[in-house]
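Chemist: Taken in order, these protein sequences are the chains called A and B.
So the first sequence is numbered by our numbering: it starts at -11 and just counts up by one.
So the second sequence is numbered by our numbering: it starts at -11 and just counts up by one.
In case anyone wonders, no lab produced these hints; they're calculated from the structure.
A hint or two may mislead.
Same chains, same names: a pair is fine if it fits in one copy or spans any two.
To be verified - The list that follows gives simulated cross-link-like pairs (lysine-lysine, DSSO-like), each with its CA atoms no further than 30 angstroms apart: (1) K14 x K508; (2) K393 x K473; (3) K14 x K358; (4) K110 x K151; (5) K182 x K141; (6) K294 x K509; (7) K141 x K151; (8) K120 x K294; (9) K102 x K509; (10) K13 x K120; (11) K358 x K202; (12) K120 x K14.
2 protein chains.
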Amino acid sequence: MPTKKQDPTSSQTSLTNGIRRRLAKKTAYDKLLDLSKAIQVFGTIRGLLEWDQETMMPPMGAGIRAEAFAAAASHMHKLKTGLKFTHLLSQLIDLDSGEVLSHEMDPSQKAALKALRRDHLKAIKLPPSFVKTFAHAGAAGYHAWVRARKEKKFSLFAPQLDKIVTLCRKEADLLGYTDHPYDALLDLYEPELKTAELSPLLSRLEIALHPLVKELTQKTAFNTDCIKGHFSAEKQLQMGKELLYKMGLDPEACRLDTAVHPFCSGLHPLDTRLTTRIDPHDMTSSLSSVMHEGGHALYNAGLPEKDFGSPLCESVSLGIDESQSRWWETLIGLSLPFWEYFYPQLQKVFPEPFTKLPLSDFYKAINTVKPTFIRTESDEVTYNLHIILRYNLERKLIEGSLKVKEIPEMWNAEMQRLLGITPPSDDQGCLQDIHWSSGGLGYFPTYTLGNLYASQFMASFAKDRPHWEDEIRKGELAPLRQWQKENIHRWGRTYSPPELVKKVTGSPLSEGPFIAYLHKKYGLFP
Amino acid sequence: MPTKKQDPTSSQTSLTNGIRRRLAKKTAYDKLLDLSKAIQVFGTIRGLLEWDQETMMPPMGAGIRAEAFAAAASHMHKLKTGLKFTHLLSQLIDLDSGEVLSHEMDPSQKAALKALRRDHLKAIKLPPSFVKTFAHAGAAGYHAWVRARKEKKFSLFAPQLDKIVTLCRKEADLLGYTDHPYDALLDLYEPELKTAELSPLLSRLEIALHPLVKELTQKTAFNTDCIKGHFSAEKQLQMGKELLYKMGLDPEACRLDTAVHPFCSGLHPLDTRLTTRIDPHDMTSSLSSVMHEGGHALYNAGLPEKDFGSPLCESVSLGIDESQSRWWETLIGLSLPFWEYFYPQLQKVFPEPFTKLPLSDFYKAINTVKPTFIRTESDEVTYNLHIILRYNLERKLIEGSLKVKEIPEMWNAEMQRLLGITPPSDDQGCLQDIHWSSGGLGYFPTYTLGNLYASQFMASFAKDRPHWEDEIRKGELAPLRQWQKENIHRWGRTYSPPELVKKVTGSPLSEGPFIAYLHKKYGLFP
């Protein structure tokens, strides 16, 4: 809520009733925030429709669900681009220049106005007819992709993907850009990041990773069969929940379910829905999903609930959001201190096969580095090379220097260049990801940004709490969560991603801390 | 969908393009139905918000959930009472007289228009400010009721209930009535039923039941401890699901979960959500909930899906809806033929305690007749006396001949008169039901109507399929479901409740078939 209700009985001043009335009257800012909240309430509804669809909905409910989803989205779009919103917003901020017009705004109100202007300008640039065409192409694209992947034939997907790429290029034109059309798409997911900054960053990362992958593939080679077994779904879920509560999630304000593709849905800071996937033969799969989604969930739960409906209570970017998930999943969940704390508990829950397996072997098994075809199955060292590959392809698709039909050849060539392996078929190559099928070009880089941000934030955290490893080793996860909330979560969209990174770490985004982390971790590898 | 898309290539006529265009143009009726569907899509959303709240939502999500619920409801109300809806509707039907103005409407379209007019007139008669005040009073009433029931003190609830009764009387005035103010409330739940018809009906029922209760309390006395035991929740749920599928629900179009107060939420004919409550010591509790909610669910699933968004795809009244649930719960679920089929399965799932318990003892245990304080725990014979008591009280509250503070005394006196027992405290008396706390006066009679309709429909079904008991005995539940769908479900709101009962049974609503059913069943009691 932007303003607090005044308690008239506690007033000690000699205000006349007239002035009191004027003070009590809602300002344009209050009204704008009320409207923004009304929109966000439908965002919560849309979130529930999505979560339910992936976890609970009977399959035959899909038809009416698509209509409900479209109705909620279109209602939100109408409110966001409507006269009332435009009128209130333009009273407070110059829509062209972004200059805040009211002199009574405090810094957080100014930040909220800038974010609202940003969203509004994006929304009005895409006409409803284009949004509809895009949505239909995405739905058709998804179905074509499912079929193509099943039949391992990229050619079945290519015509639809061609339409989608054309629409994405059109989208970039509609949204506008000054330097590179890919900038317009990137900005949808990672505000203010430009291709001109991202390309050299990823090149430096690639150069640093190349020798590491070779070296670590040999150094960490280990037969991972020792951690396989039979793990009851119920026990895995129970263990996942207890870990989430230990990480700092409130059992009264979240829930954990299963889904085919794990995700986290933040309906509100007090209602976070997490999901995981259960592999009955490998409990590490669910546990790493739980920690990953738990990181997203902590971000959602750490947003300032009192500002719900304002950008101040929204995640700042997909990359920063991903940094919170990868932090818990990899920097903590694959670390020795964490397992020194958690392994005895795991052994208690699953005596078979872990009682007889030394911690050092378990640690080695979950940290082997080995090039794989599938991004989602890759280790933390090779993972970013999968992203670099996708980034190179989609950037070229958008700038028009790569044709859709050339994707499989270029995919396989890049895979060979970056990871030294060639997928035997397209389902293990260019058909493996869902993202492009529904038009999500520009999204992939945020995965790598998440990894880089995470290491960079972690380095700052380590400076602030030099004994953090001892704390984790003792199962004290609260200090980390507190630090994340204090430095990142509570700010919402007060700062842009570059401002936030600078504020928290003192430096701009860089690949350095991530590479340093890998060197340190694998330098000590048992 | 009101109209089918024409396939232009299949047209064999010589229509000019001009006429084709005119035919393809949407009529006012099409537009009205499109708008009605757009409203109903938000009804689906509201249904999901409710279902999730009762089954899945983390407790701390309650605050934002209330806002989401209000947003969806207010958006629906706006659309229902808006200029566009009013304009389209009044082109097709005279809002004052109810006369259909367009000559091109077929009977089902006429029925849809009449139902839409009915809903519209009700909606515009209640100003948004009144709806808001009522909702707030209901929320406050609910909290006061919870506290009062916990502390067993009616006086803690009385002030809020007083406000609610005043608002209900105001509501009756706003909605309008010609004879009795209670008619206006009754009509919200059971269209077209009047107090002048209901009162004598319930009096006749009371007179018929009075001697029966006395006689059967002695005749059916039986120690029911023999059916108690330890029943795993998982097995109870699994058995419930299999029974629902056997009853004719599609596993791909429904789901069963647990809730504190079992209910059925029909989001769409292809997405029905059922709930049940698990008693670990008494499996009959969940099974009877499953069959009850299963009856509601079959009604929802049997509505004509192609008409979703139109009144033709809506349940016609709470009483008729309740008849479908009580039919399965009591007329089938407490019958000997059903248990001749189902008892061996029950014995297989729960060998303990049922292997050694003869079917006749099980049948006796689930059919004992005995006056109880609590309506929801009462048997099928005494149940309607609980409703008659509530009806007598709430009718008097609305007409002003009973004061709120007099409720406990009158409740206990009526309980003594009707059932021969007096509750030891208000939580087992006038504080036991939630309905009044949120303003649902006029609702209770639909429970008894459900029982009466069910027996009346059942008598017709038995005439159509004289060997129905043999079919049930063989586990053939499909013919009953088919008959219900054919005669009741598929009509939605095509007919009013009195029209439907007349059409299906040849007679108006009567207590006769229900009393005849009881006499026959208990005449044969082992």
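Chemist: Take the hints in turn and mark each one as holding or not.
Modeler: Here is what the structure says about each hint:
{"no.": "1", "hint": "K14 x K508", "verdict": "neither (56 angstroms within a copy, 69 angstroms between copies)"}
{"no.": "2", "hint": "K393 x K473", "verdict": "neither (46 angstroms within a copy, 52 angstroms between copies)"}
{"no.": "3", "hint": "K14 x K358", "verdict": "neither (60 angstroms within a copy, 61 angstroms between copies)"}
{"no.": "4", "hint": "K110 x K151", "verdict": "within (22 angstroms within a copy, 49 angstroms between copies)"}
{"no.": "5", "hint": "K182 x K141", "verdict": "neither (34 angstroms within a copy, 67 angstroms between copies)"}
{"no.": "6", "hint": "K294 x K509", "verdict": "neither (40 angstroms within a copy, 61 angstroms between copies)"}
{"no.": "7", "hint": "K141 x K151", "verdict": "within (18 angstroms within a copy, 68 angstroms between copies)"}
{"no.": "8", "hint": "K120 x K294", "verdict": "between (34 angstroms within a copy, 24 angstroms between copies)"}
{"no.": "9", "hint": "K102 x K509", "verdict": "neither (41 angstroms within a copy, 74 angstroms between copies)"}
{"no.": "10", "hint": "K13 x K120", "verdict": "between (39 angstroms within a copy, 21 angstroms between copies)"}
{"no.": "11", "hint": "K358 x K202", "verdict": "within (9 angstroms within a copy, 80 angstroms between copies)"}
{"no.": "12", "hint": "K120 x K14", "verdict": "between (36 angstroms within a copy, 21 angstroms between copies)"}
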